[in-house]
Structure formats: C-alpha cells, structure tokens
Amino acid sequence: MQPFTYTRPTTAPDAVSAFASAGADARYIAGGTTLYDLMKLNIEQPRHLVDITAIAGLDKIETDGDRLRFEALAPMNAVAANDVIIRDYPVLAEALSKAASQQLRNMARVGGNLLQRTRCMYFRNGADGVYPCNKREPGSGCAALRGLDRGQAVFGTSDACTAVSPGDFPVALVAMDAQLEILGPSGSRTLPIGDLYRLPGDTPHLEFTLAPGEMITAIVVPKTPAGRGSTYHKIRDRESYAFALASAAVALEMDGDQVSRAHIALGGVATKPWRAPEAEQKLAGQRLTPEVALDAGRAAFSGASPGKHNGFKVELGARTVADALLIAAERSRS
Amino acid sequence: MSTAPFPDRARIDAFDKVRGATEYAADIQFPGLLYAMTVTARIAKGTMTELSTDAAMRVPGVVRVLTPDDFPPPPPTGGEDGPPPPPPTLEKTIAYRGQPVAVVVAETLEAAIAGAEAVRPSFADEQFSSRIDSAGAESESTEDWTAGDAAAAMAGAAVTIEATYESPTQHHNPIELLVTTAVWADGRLTIHECSQGVNVTKGSVAGALHLDPALIDVKSAYIGGGFGQKGLAQRQTALVAHAAMLTGRPVKLVLPRGQIFHVATYRPNSRHRIQLGADATGKMVAARYHAEHEQSRTGFFSPAEYHESPIRMYGIENYLGTAANIRIDRQAPGYMRAPHPQASCFAFESAVDELAYKLDRDPVAFRIENDTKVDPKTGHPLSSRFLNECLTEGARRFGWSRRSAAPGSMTASDGTQIGWGVAAGCYPSMMPPAIATLRIGANGSTRFATSGHEMGQGIRTAIAAVLLDGLDINTDKLDIVIGDTTAAPQHMTAGSWGTAGAVPVAAKAVERMRAAVSELLAGRTVAGNLHRQLASVRRPYIEIEVSQVGAGQNNDALAQLREGGFVVAGPEFPEFTTMSYIAHFVEVHVEPHTRRIRMPRVVSIADCGRVISPRTAASQVRGGVVWAFSAALREATEIDRRYGGYLNNDLADYVVAVNADIGEIEVGFVDQPDPLANSMGLKGLGEVAMVGASPAIANAIFHATGKRMRELPIRIEHLL
Ligand SMILES: Cc1cc2nc3c(=O)[nH]c(=O)nc-3n(C[C@H](O)[C@H](O)[C@H](O)COP(=O)(O)OP(=O)(O)OC[C@H]3O[C@@H](n4cnc5c(N)ncnc54)[C@H](O)[C@@H]3O)c2cc1C
Ligand code: SF4
Numbered sequence: 001m002q003p004f005t006y007t008r009p010t011t012a013p014d015a016v017s018a019f020a021s022a023g024a025d026a027r028y029i030a031g032g033t034t035l036y037d038l039m040k041l042n043i044e045q046p047r048h049l050v051d052i053t054a055i056a057g058l059d060k061i062e063t064d065g066d067r068l069r070f071e072a073l074a075p076m077n078a079v080a081a082n083d084v085i086i087r088d089y090p091v092l093a094e095a096l097s098k099a100a101s102q103q104l105r106n107m108a109r110v111g112g113n114l115l116q117r118t119r120c121m122y123f124r125n126g127a128d129g130v131y132p133c134n135k136r137e138p139g140s141g142c143a144a145l146r147g148l149d150r151g152q153a154v155f156g157t158s159d160a161c162t163a164v165s166p167g168d169f170p171v172a173l174v175a176m177d178a179q180l181e182i183l184g185p186s187g188s189r190t191l192p193i194g195d196l197y198r199l200p201g202d203t204p205h206l207e208f209t210l211a212p213g214e215m216i217t218a219i220v221v222p223k224t225p226a227g228r229g230s231t232y233h234k235i236r237d238r239e240s241y242a243f244a245l246a247s248a249a250v251a252l253e254m255d256g257d258q259v260s261r262a263h264i265a266l267g268g269v270a271t272k273p274w275r276a277p278e279a280e281q282k283l284a285g286q287r288l289t290p291e292v293a294l295d296a297g298r299a300a301f302s303g304a305s306p307g308k309h310n311g312f313k314v315e316l317g318a319r320t321v322a323d324a325l326l327i328a329a330e331r332s333r334s
Numbered sequence: 001m002s003t004a005p006f007p008d009r010a011r012i013d014a015f016d017k018v019r020g021a022t023e024y025a026a027d028i029q030f031p032g033l034l035y036a037m038t039v040t041a042r043i044a045k046g047t048m049t050e051l052s053t054d055a056a057m058r059v060p061g062v063v064r065v066l067t068p069d070d071f072p073p074p075p076p077t078g079g080e081d082g083p084p085p086p087p088p089t090l091e092k093t094i095a096y097r098g099q100p101v102a103v104v105v106a107e108t109l110e111a112a113i114a115g116a117e118a119v120r121p122s123f124a125d126e127q128f129s130s131r132i133d134s135a136g137a138e139s140e141s142t143e144d145w146t147a148g149d150a151a152a153a154m155a156g157a158a159v160t161i162e163a164t165y166e167s168p169t170q171h172h173n174p175i176e177l178l179v180t181t182a183v184w185a186d187g188r189l190t191i192h193e194c195s196q197g198v199n200v201t202k203g204s205v206a207g208a209l210h211l212d213p214a215l216i217d218v219k220s221a222y223i224g225g226g227f228g229q230k231g232l233a234q235r236q237t238a239l240v241a242h243a244a245m246l247t248g249r250p251v252k253l254v255l256p257r258g259q260i261f262h263v264a265t266y267r268p269n270s271r272h273r274i275q276l277g278a279d280a281t282g283k284m285v286a287a288r289y290h291a292e293h294e295q296s297r298t299g300f301f302s303p304a305e306y307h308e309s310p311i312r313m314y315g316i317e318n319y320l321g322t323a324a325n326i327r328i329d330r331q332a333p334g335y336m337r338a339p340h341p342q343a344s345c346f347a348f349e350s351a352v353d354e355l356a357y358k359l360d361r362d363p364v365a366f367r368i369e370n371d372t373k374v375d376p377k378t379g380h381p382l383s384s385r386f387l388n389e390c391l392t393e394g395a396r397r398f399g400w401s402r403r404s405a406a407p408g409s410m411t412a413s414d415g416t417q418i419g420w421g422v423a424a425g426c427y428p429s430m431m432p433p434a435i436a437t438l439r440i441g442a443n444g445s446t447r448f449a450t451s452g453h454e455m456g457q458g459i460r461t462a463i464a465a466v467l468l469d470g471l472d473i474n475t476d477k478l479d480i481v482i483g484d485t486t487a488a489p490q491h492m493t494a495g496s497w498g499t500a501g502a503v504p505v506a507a508k509a510v511e512r513m514r515a516a517v518s519e520l521l522a523g524r525t526v527a528g529n530l531h532r533q534l535a536s537v538r539r540p541y542i543e544i545e546v547s548q549v550g551a552g553q554n555n556d557a558l559a560q561l562r563e564g565g566f567v568v569a570g571p572e573f574p575e576f577t578t579m580s581y582i583a584h585f586v587e588v589h590v591e592p593h594t595r596r597i598r599m600p601r602v603v604s605i606a607d608c609g610r611v612i613s614p615r616t617a618a619s620q621v622r623g624g625v626v627w628a629f630s631a632a633l634r635e636a637t638e639i640d641r642r643y644g645g646y647l648n649n650d651l652a653d654y655v656v657a658v659n660a661d662i663g664e665i666e667v668g669f670v671d672q673p674d675p676l677a678n679s680m681g682l683k684g685l686g687e688v689a690m691v692g693a694s695p696a697i698a699n700a701i702f703h704a705t706g707k708r709m710r711e712l713p714i715r716i717e718h719l720l
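Which chain is which? The protein sequence lines are Y and Z, in order.
To convert, note that position 90 of the first sequence is 90 in the UniProt record's numbering; the numbers rise steadily by one, no gaps.
To convert, note that position 569 of the second sequence is 569 in the UniProt record's numbering; the numbers rise steadily by one, no gaps.
FYI, nobody ran anything at the bench for these hints, they're computed from the structure.
Treat the hints with care, since some could be wrong.
Stated by the list, open to error - Which stretches of chain Z does chain Y cover? Using the computed rule of at least three CB atoms under 8 Å from a CB of chain Y, they are:
1. 104–117
2. 632–642
As the list claims (entries may be wrong) - Far from chain Y by the CB rule (all over 12 Å, computed), these chain Z residues:
3. F15
4. R19
5. M57
6. A152
7. W400
Unchecked claim - Reference excerpt, derived from the structure (chain Z facing chain Y, CB under 10 Å, subset only):
8. I43
9. L647
10. R715
Virtual Cβ for every residue (Gly too), placed ideally from N, Cα, C.
Generate coordinates for the entire structure from the input sequences, incorporating the hints supplied.
This is the structure in structure tokens:
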C-alpha cells in the first residue's frame with residue numbers, strides 16, 4: 001500500500017472540488033469496504049482519498065411521492081431495514097440483506113455498493129505479478145480464460161475478461177429501472193443505472209461510465225405496483241456471507257393469474273447487472289405456472305456462453321429465475 | 001476408579017473470553033516492540049537470484065531486512081529415528097510459491113508492510129508440479145497395513161463392491177492467525193507464540209539457530225484455534241527469533257492469512273480406492289484399500305495412517321491397506337483435525353453404506369452386526385468399544401425406525417428430497433506422560449502447572465473439573481498454568497490426547513494433596529476450606545509434585561518428556577488397543593429445483609470413555625460435526641495447476657460453513673469408563689467427534705436423491 005493524502009469535506013460540492021484539485025489518482029471513499037480491501041491488496045493505489053462520509057444530510061431514505069430515493073451515504077443496512085421497502089419492495093430489501101455480512105452492511109453505503117469490483121480470484125491475487133489479468137493490468141492477459149472459471153460469467157464476456165459483476169443491489173436496481181443522480185465537476189446529471197456499467201470488451205479495466213470526479217449522490221427508483229410482487233432470489237455456496245452463484249431479481253405486475261408485466265434481472269452470471277428482456281417478453285400475458293416460469297428461466301439463459309467449469313450456472317440460473325417468479329407471484333397475491 | 005458422572009460446569013475462562021480479557025499471543029505488548037513482515041517467493045520452484053533491499057531500507061521506519069545470508073546453515077539431520085528437522089529458515093532455493101525469502105523489521109506494522117512490498121527479489125524459474133496429477137509428480141509407496149489374507153478372502157466373498165473416493169485440499173483457517181513474538185534479553189530468548197507444542201517450538205528454534213535449548217523459553221497460554229496447524233514447528237518462528245536477536249529488540253510477526261495458506265500445513269488432496277467383500281450372511285470378510293495423497297518433495301505426513309481407523313472400524317479379519325505419497329512442489333501437508341480419518345472414513349464409511357445397500361441391509365443393523373472386540377491389526381483386545389451402543393442410542397434418538405429405506409422415497413410436499421444417513425467413526429486414543437505441580441496457599445490461591453495447551457477445546461475446564469471435584473478450594477484464584485516451558489515439562493497437545501495427558505495427572509495430584517493435608521493436620525479437625533485450614537495451622541502453602549506415564553511406559557518416558565521429546569503411548573498398548581468411537585445420524589434436505597443441500601438435524605453419540613467436562617465435550621462434538629459438514633459441502637482450496645499457490649486464500653473466498661448453515665445438533669455420550677486406558681477411564685474426543693459425519697451426510701444425500709457422491713465437496717452443481 002502506498003502513502004496517500006486524505007480529506008474529509010462536509011458538503012457534496014466541496015467533495016467534488018477536493019477531488020478535482022487532487023487530480024488523477026484520487027478516489028472518493030464511503031464505507032471503505034471495497035476500497036480499503038483493494039488497497040491492501042495493492043490493486044487500487046490511490047494517492048488521494050476524499051472521504052465523503054462527513055457530508056451532512058446525504059444519507060436520507062425517502063419513500064413519499066411517486067418514487068423511492070436513497071441518498072448515496074445511506075448505509076446498506078438502513079435501507080434493508082426500512083419498513084416501507086421491506087413491505088412494498090422486498091426485491092430491494094432482500095438484495096441488500098442477502099449481501100455480505102451484518103458488519104459490512106453497517107459500514108457500506110448504497111452509493112459505494114454500486115461501484116464494488118469483481119471477486120475474480122485472479123484479479124484479487126495478482127498484484128505481485130503471478131496471475132495475468134487484463135482488468136488489473138491492461139494487456140497482460142486473462143488467467144481466468146483457461147483457468148478455474150467456476151465462478152465466472154456466462155453473459156457479456158469477452159476474450160479479454162469473463163469476470164462477474166459481483167453486486168446484488170445493482171441487479172435489483174436494474175430490474176426496477178432505477179436512475180442515478182450524479183454530481184460532477186461540470187454539474188449534475190441523471191443516468192439510468194443500466195448505463196453505469198460497461199461490458200469488458202477489450203478494455204476490461206474500464207468498468208463504469210462515471211467521468212473522473214463524478215459522485216453518485218442518490219439512487220431513484222420509480223414506484224410501481226410490481227414492487228409488492230417482487231423478490232431477490234440468491235443461490236450461493238453457503239446460506240449467508242457469499243456472493244451469488246446465480247441470482248434473480250424479479251418483480252411482477254399481475255392481472256389475476258396473468259402476468260401483465262415482468263421485471264427480471266440476473267446476478268452472479270454476467271459481467272454487469274443483466275436485464276433479461278427475452279424472459280420478460282415471454283411472460284407478458286401468460287398465466288404463471290411452474291412450467292411457464294421454467295420456460296422463462298430458460299429463455300433468460302438462451303444466450304449464455306459458459307466456459308469450462310461454470311456450465312452449471314446456465315441450468316441453475318434458469319431454475320433460480322423460475323423459483324423467483326413463483327415466489328414473486330405468490331407475494332403479489334397477498 | 002469413581003465412575004459417577006461429572007456435573008455440568010461452565011468454561012472457567014468463558015467470562016474473560018467474552019469480555020476480551022484473555023491475552024492471546026498477538027495481544028501481548030512489549031516496550032520498544034518492532035513489527036515484522038515476510039516477503040514471499042512469486043515462483044513455484046527455482047532459485048532466488050537476487051534480492052535488493054535498498055528500496056526497503058529507504059522506507060521510513062524500516063530497521064532491518066533479513067535475507068538468507070543472515071541465517072546459519074541447516075543443522076545436521078537427526079537420522080531416521082530422530083525428531084523431524086526444523087523447518088528451513090530463509091533459503092535461496094525455492095520449493096513452493098509463497099515461501100518466505102526475506103523478513104522486514106520496522107518500527108510500525110505499516111512500515112514493515114511497505115518495506116516488504118519494496119523488497120524486489122529476482123528468480124530463476126524451474127518446471128514444477130503443483131497438483132497430484134501434474135506431470136513430474138512422483139509416487140512413492142509407504143508401508144502396508146495388513147491383517148489376514150485379503151486377496152484370498154476377497155476371492156471367496158459372496159458380494160463385493162469397489163469404488164474410488166476423493167477429498168480435496170483443505171486449509172485449517174483458525175480465526176487466530178499465526179503469531180510469533182520473540183524477546184531477546186539478558187542472554188535468554190523468550191518466544192510467545194500460538195503453539196500446540198511449545199516444546200516443539202523450543203527445539204526447532206534451537207536447532208535452526210544453533211542455540212542451546214536451555215536458553216529458550218516458549219509460552220502459549222491461549223490459542224485461538226489450533227486444529228493441528230499449530231502443532232508442528234512453524235516456519236516463521238526462527239525468523240522472528242533471529243530478528244529479535246539481531247536487532248536486540250522484541251519483534252512481533254502476525255502472518256497475514258494469504259501467506260498462511262502458502263506456508264502452513266493443510267489437509268492434502270487424497271484419493272481412496274476401496275474394495276469390500278462380504279460373505280453370504282452379510283459379514284464383511286475382506287477389505288482392500290489403496291490411499292494416496294499429495295505431498296511435498298520432502299514432507300513426512302504419512303499416507304499409511306489413512307488405515308489407522310478403517311482397519312479397526314469393524315471385525316474385518318482380512319485387510320490389505322496400501323498407500324503412497326505423490327510428491328509435488330508444494331509446502332508440506334500435515335495434521336488437520338481428524339487428520340487421516342476425516343478423508344479415509346469418508347471413503348470407508350461411504351463404501352460400507354454402498355455394500356449395505358447392495359446387500360439390501362439396513363445400514364445401522366449392518367454396522368452393528370459387523371462389530372468386533374479385537375483389533376484386527378494386532379489381534380489384541382480392544383480395551384473398550386461401545387460403538388454398538390452409540391449406534392443403538394443414536395438410532396433411538398433420531399427415530400431411525402421410521403426411515404423408509406429406498407433412496408428417493410422420502411419427499412416433502414414441495415418436492416424437497418429428504419435423506420437420512422448414518423456413518424460411524426473411530427480414532428486412536430493415546431496418552432503422553434506428564435509431570436505436574438500443585439500448590440495450595442493459605443492466601444486463597446491455587447496453582448496447578450502441567451503439560452498442555454488451551455486451544456479453546458477446554459483443557460483448563462477439564463483440569464478444573466477434577467481439581468474442584470476433589471479439593472475444597474477457591475474457584476476464583478485457581479491458576480492453571482499450561483503451555484509454558486518454564487512451568488512444567490511440555491508435550492505437544494494434539495491427536496486428542498490433551499485430556500488424557502492432563503486429567504489423570506491432575507487426579508493424582510488431588511489424591512497426593514489430600515494425603516499431604518491430612519498428614520499436616522494429623523487427625524485434627526480444622527474448619528473451613530483448604531486455604532482456611534492452612535492458615536489456621538500457619539502453613540503458608542503446600543506444594544506437591546506428581547507424574548504419570550501411559551500403559552507400557554516407564555521412567556524413560558519421563559526423561560524424554562523433560563528433554564522435550566515426543567513420547568505418546570497408544571493406541572497400540574502392549575496388551576490392548578484403545579480407540580474412541582462415534583455414530584452420526586444426519587437428515588438432509590435437497591431443494592427440488594436449485595438443489596441446495598441443507599442439514600436440519602444431526603444426532604451424534606460418542607464413546608470417549610468417561611466424560612470429564614460435559615459442556616466442553618459436547619462443544620467438541622458439535623464443532624466436529626460443523627466442520628465435517630463444512631468439509632463435506634463447502635471447503636476446497638483452489639489451485640491453478642499452471643501457477644501453483646492458492647487462489648481462494650481468504651475467508652471470503654475459502655468458503656467455510658456459517659451459522660446459517662447449521663441446524664440442530666444433538667449430542668450424547670455413552671459415558672462408560674475404559675477400564676485400561678488410564679486411571680480416569682477417559683479416551684480422546686476432539687478428533688473422533690468429526691470422524692464419520694462427512695460420510696453420514698454423503699450417505700444421507702444418497703438416500704435423498706439416489707446419487708452416490710464420492711468426491712468432496714458436494715456442491716449444487718453435482719445434484720442439478
Ligand atoms: C467479504 C465481503 C463480502 C461481500 N459480499 C457481498 C455480497 O454478497 N453481495 C454484495 O452485493 N456485495 C458484497 N460485498 C461488497 C460490499 O457490498 C461493498 O464492498 C460495499 O457495498 C461498498 O460500499 P462502501 O461504502 O464500503 O464503498 P467504498 O469501499 O467506500 O467505495 C467503493 C468504490 O466506490 C467509490 N465510491 C464510493 N462512494 C461513491 C460515491 N458516492 N460516488 C462515486 N464513487 C463512490 C469509491 O471510490 C470506490 O471506488 C462484500 C464485501 C466484502 C468485503
Ligand atoms: S476474468 Fe477479468 S478480472 Fe479475471 S483474470 Fe481475467 S481479466 Fe482479470
């Protein structure tokens with residue numbers, strides 16, 4: 001880990017200008033659960049940290065009106081424990097409460113959560129130059145391509161990188177058509193969450209579309225009746241404290257037994273939070289039976305391209321979507 | 001021997017532990033302490049050609065960088081029968097990825113880390129073999145374990161089965177990291193380390209640094225989980241000790257977990273080919289079993305010992321056990337809880353289940369009918385064996401009689417497949433010699449010092465149970481001093497012999513103390529507890545010393561103990577064999593679609609002779625079952641054969657079981673004393689607790705799904 005400077009501004013505009021004057025190699029830091037971890041592994045090597053946790057009033061959780069709004073510094077746990085979210089948008093609460101551990105969720109903020117980096121083991125282990133990794137060192141190669149790829153993605157991969165986008169909450173937000181509020185050196189803007197993430201292509205080291213110095217200030221989720229009929233179904237190697245092998249964020253608007261509109265996004269299987277429009281379309285107007293649910297799951301995975309050890313994610317993912325649909329439908333009835 | 005059950009008693013250190021008051025090796029502070037960090041080899045095999053330390057020395061706070069040139073050559077080897085040589089110090093020859101090549105010592109931990117990152121070694125690579133099936137792996141046979149004539153008996157068997165099983169590379173991962181603090185002062189070297197064998201640490205540091213062992217003291221009062229990882233000499237110890245001697249200041253090293261994966265011992269990947277034969281009546285008559293495991297180029301952890309439990313599980317009179325090391329370029333594997341039987345009883349007890357199914361027999365009844373009273377290996381009687389009692393009581397508590405036998409025949413209304421499985425385990429019960437002093441003071445204090453190490457298993461609580469049972473003393477000023485070479489001669493605590501080492505000698509001390517007190521009082525009746533009695537007769541304290549040896553041992557064993565040697569008696573005593581036993585009953589649920597495997601309940605009944613400390617004993621069994629679950633369904637260390645080293649080297653990616661994984665675990669004990677094993681009638685428990693629970697899970701999965709899982713860990717993808 002190399003030495004770095006540290007500032008702790010108290011307003012968002014001050015943070016943006018602190019970042020701008022620090023120049024390249026600066027990073028915002030919120031809960032630090034991703035950034036410090038990667039700094040200790042020598043993967044992130046910032047020279048300046050702009051700690052945004054002292055910014056007053058940037059942690060509000062708003063549930064009135066026609067949208068939900070979570071400010072960037074709201075802790076994961078606070079959003080996960082919000083009564084309205086639990087009741088009306090279980091997909092959001094579950095995506096948070098099934099992530100990481102209680103301790104991490106206490107520290108981590110929903111803004112930082114969107115920008116966590118992959119758990120690809122070669123990426124995390126390679127700072128001493130053992131394992132080539134294009135994401136860490138552009139052009140060095142990808143050890144995962146012909147390596148131990150059980151955990152790797154089956155969607156959105158390239159010849160340069162197959163690393164999974166690890167986060168759970170972003171998958172739920174993608175399913176729910178969330179927007180981000182962003183403040184940067186050249187003012188503020190909004191961005192659909194799906195547009196935050198890049199595919200690896202041949203530049204896997206570029207993961208997000210934020211410009212240097214841009215700060216996420218809030219996450220906005222439009223309200224929808226599908227919220228009540230929703231779930232985040234996460235299948236992992238143990239019952240808690242593990243990233244997804246396959247997960248599905250599902251929300252259903254039902255008309256009696258028929259699906260009028262489905263929101264489906266996939267986690268643990270793709271290089272970015274992955275919307276599944278084929279499956280959504282397949283369901284529209286259908287009566288949701290277990291068979292129809294499994295068909296939709298299969299449709300969601302029809303375009304998958306697995307590697308050597310992760311082929312099971314295709315079948316597991318399809319079944320995860322199917323189970324999630326049935327859970328969501330059940331909830332929409334109650 | 002009294003055989004009354006011991007009462008339930010809380011851990012005597014529980015209150016301190018939950019308050020964080022207990023001092024572990026990393027907590028101990030010294031003025032002027034320096035911090036060390038190791039630099040490791042990036043290559044999997046070859047030579048370090050250059051080591052530039054200039055940049056590291058320029059990091060503010062760095063005091064010194066130790067390199068291979070700072071260390072003396074390895075000591076002469078002790079020959080075939082001598083103790084294993086100490087681990088190498090720093091060497092230019094690289095035997096495995098992650099081997100330490102330099103140590104940076106600095107005023108702060110941060111400076112030590114920055115210094116270590118600034119050391120830039122260069123290496124010349126060589127071809128290497130990183131996995132059991134890599135090119136260049138060398139197979140080396142070891143001795144056979146035999147009984148009767150397995151080939152002939154197998155040829156005559158009415159029914160046989162044959163299958164191959166595999167257990168992966170797994171790492172211990174106690175929460176406490178490897179810690180060494182060394183203090184060099186007034187011509188003495190004092191080492192504070194989490195060690196299950198302070199005597200081993202002492203001897204190996206003396207050997208590696210060419211020091212007189214009489215100048216070295218080693219202390220390990222509390223260990224945050226050992227599991228065998230901290231039993232053998234640790235590679236960092238002599239490095240830290242030497243750094244303290246060269247700088248003249250106390251030096252502490254807390255090895256990062258990622259490095260521990262690469263230098264500490266681990267459970268090796270092993271393969272087990274087993275053939276079993278039964279006669280027409282369903283009696284098992286023959287077993288042929290070949291075991292092999294990955295091994296370093298020079299390691300000594302023997303694959304022959306995979307047979308130590310299977311050969312004694314049942315009355316199979318004809319047994320041929322062969323074994324081989326597969327030598328590759330990794331650090332040496334070693335003892336990890338239930339070291340051999342975890343893997344070999346997974347294989348063997350799965351095979352027994354397969355045979356029971358083939359014979360169309362109930363797997364509990366089949367095991368009960370294959371009981372034995374003799375050790376097939378030696379022909380000697382077993383000193384006690386209550387495995388059938390474990391099976392019968394376990395079946396009763398579990399409700400086994402309600403089981404529907406056919407695989408896949410117990411399905412819940414939502415499609416969840418339910419499976420009930422059973423398996424048993426055994427483990428050698430052994431005993432080291434011990435010397436103890438007991439001192440009771442008129443001021444209310446009691447001090448008991450002997451050999452032993454507290455890894456959280458509860459050895460102090462077991463000792464206290466005996467002391468408080470036999471002596472009327474204060475509980476709050478009871479000091480039990482163990483894991484300290486200055487307090488009493490120390491033997492390594494491993495192999496489940498801790499209680500057998502410490503408790504009979506404590507009982508003997510109680511007896512001797514009672515005799516000493518009654519001699520002192522000479523028939524007078526004096527009121528109050530022992531402290532008050534001493535005060536009344538104006539005696540500041542009484543101190544007595546006692547010793548014990550195991551069956552078949554004599555005073556030579558005590559002499560060897562004083563020398564810091566390894567002198568364990570059993571399980572093959574001169575006239576009998578002593579084993580501990582357990583039976584596990586497991587219910588699994590396999591989800592209909594996404595195929596997650598859950599274990600809602602377990603019943604485990606153990607025969608560990610007399611139970612000295614019921615609460616910590618039950619904890620041992622629960623912990624063993626939890627780890628067996630983890631070993632069966634979760635843990636595997638990932639090695640990419642192209643690079644060597646371990647990829648998932650942290651607690652996020654090396655997946656161990658978590659609380660949410662574990663259902664109800666009901667524990668019971670036969671609690672019958674072994675008449676021969678030792679004066680207290682106790683047998684070992686820590687390891688047998690785990691043995692057999694992994695195959696019980698695999699057998700339950702077979703019962704639930706009809707799929708026989710012969711390779712661990714069993715994961716979702718295997719049942720999709
Ligand atoms: C052991 C472990 C297990 C985990 N398991 C899971 C899991 O199962 N599922 C899951 O989803 N996650 C998991 N996580 C990830 C965890 O959710 C993230 O680390 C956390 O959400 C990040 O939030 P933070 O506030 O700590 O971010 P930080 O570490 O502070 O920041 C992360 C990144 O975002 C940037 N940043 C932070 N805030 C902003 C902002 N407002 N605007 C712009 N940039 C910003 C930082 O510069 C940095 O690059 C796990 C993490 C660990 C360590
Ligand atoms: S998959 Fe991506 S992150 Fe992983 S090693 Fe390859 S390039 Fe690096």
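Hint by hint, here is what the structure shows:
1. 104–117: Since three or more residues must qualify, the claim that chain Y covers the segment 104–117 of chain Z holds, with 4 doing so at under 8 Å.
2. 632–642: It holds, with 4 qualifying residues against the three required.
3. F15: holds (24 Å)
4. R19: holds (20 Å)
5. M57: Fine: 17 Å to the nearest Cβ keeps M57/Z off the interface.
6. A152: Fine: 44 Å to the nearest Cβ keeps A152/Z off the interface.
7. W400: The claim stands: W400/Z keeps its Cβ more than 12 Å from every Cβ of chain Y (closest is about 27 Å).
8. I43: holds (8 Å)
9. L647: holds (4 Å)
10. R715: This interface hint holds because 7 Å falls under the 10 Å limit.
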